[in-house]
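With the hints as extra help, turn the sequences into a complete structure.
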Amino acid sequence: MSKDFYKTYIFPYSGIIIKICRAYSNSQEDYEDYYQEVCLQIWKSRENFKNKSEWSTWIYRISLNVCLSLLRKQKKHDDTYSPEQSYNQLSNQSDLTEESKDYSDDISRLYDVIKELSEIDRAIILLYLEKKTYKEISQIIGINTNSIGVKIIRIKKQIKKQING
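This note's numbering numbers the first residue of the sequence shown as 73 and each following residue consecutively.
Any given hint could be a false lead.
Heads up, simulated DSS-like pairs for lysine-lysine below, C-alpha to C-alpha not over 27 Å straight-line [what the hints assert, rightly or not]: (1) 145 x 116; (2) 75 x 207; (3) 79 x 147; (4) 79 x 124; (5) 147 x 207; (6) 75 x 148; (7) 187 x 207.
Hints were generated in silico from the structure; no laboratory data involved. The model shown is predicted, which means the values in this text are computed figures rather than measured ones.
So, in structure tokens, the structure goes:
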């Protein structure tokens, strides 16, 4: 992969890739592996992009597919997921102020709850949190637009219930 390809086609969308990899990985090591594999697959499949959608939609689709595939492979080999293995492992808490630690704890808790969702619900809520339209989510996930709206309402209720106990 050339530096130019990375700078032009991956780096501007790294936020998308990071969020998806973080939501599907259980450790820093997994996160790094997922990120690297997503970037590799974007590069390998670049010729398949037909401009029928936005490049960011393509990035989402590849990122989700790669992470889901890696997650399934990992589940076959290791059935010991622990919610404690979360975003906390992805950041260095000692460098944060009290306010940022509280925010980081809230984000960490949200990601822990999101990780407990089914694979498809996890993908839908991540796209929703990225402010994607129902139509864009529908294109990425492959579910009809009306179903996306219903699923988002149910997912939000489920997340609220988990967070509030």
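Results of checking the hints against the structure:
1. 145 x 116: holds (20 Å)
2. 75 x 207: Violated. Residue 75 to residue 207 sits at ~33 Å, over the 27 Å cutoff.
3. 79 x 147: violated (33 Å)
4. 79 x 124: holds (22 Å)
5. 147 x 207: violated (31 Å)
6. 75 x 148: violated (35 Å)
7. 187 x 207: Holds, at about 24 Å.
In summary, the structure is inconsistent with hints 2, 3, 5 and 6 from the numbered list given earlier, while agreeing with the others.
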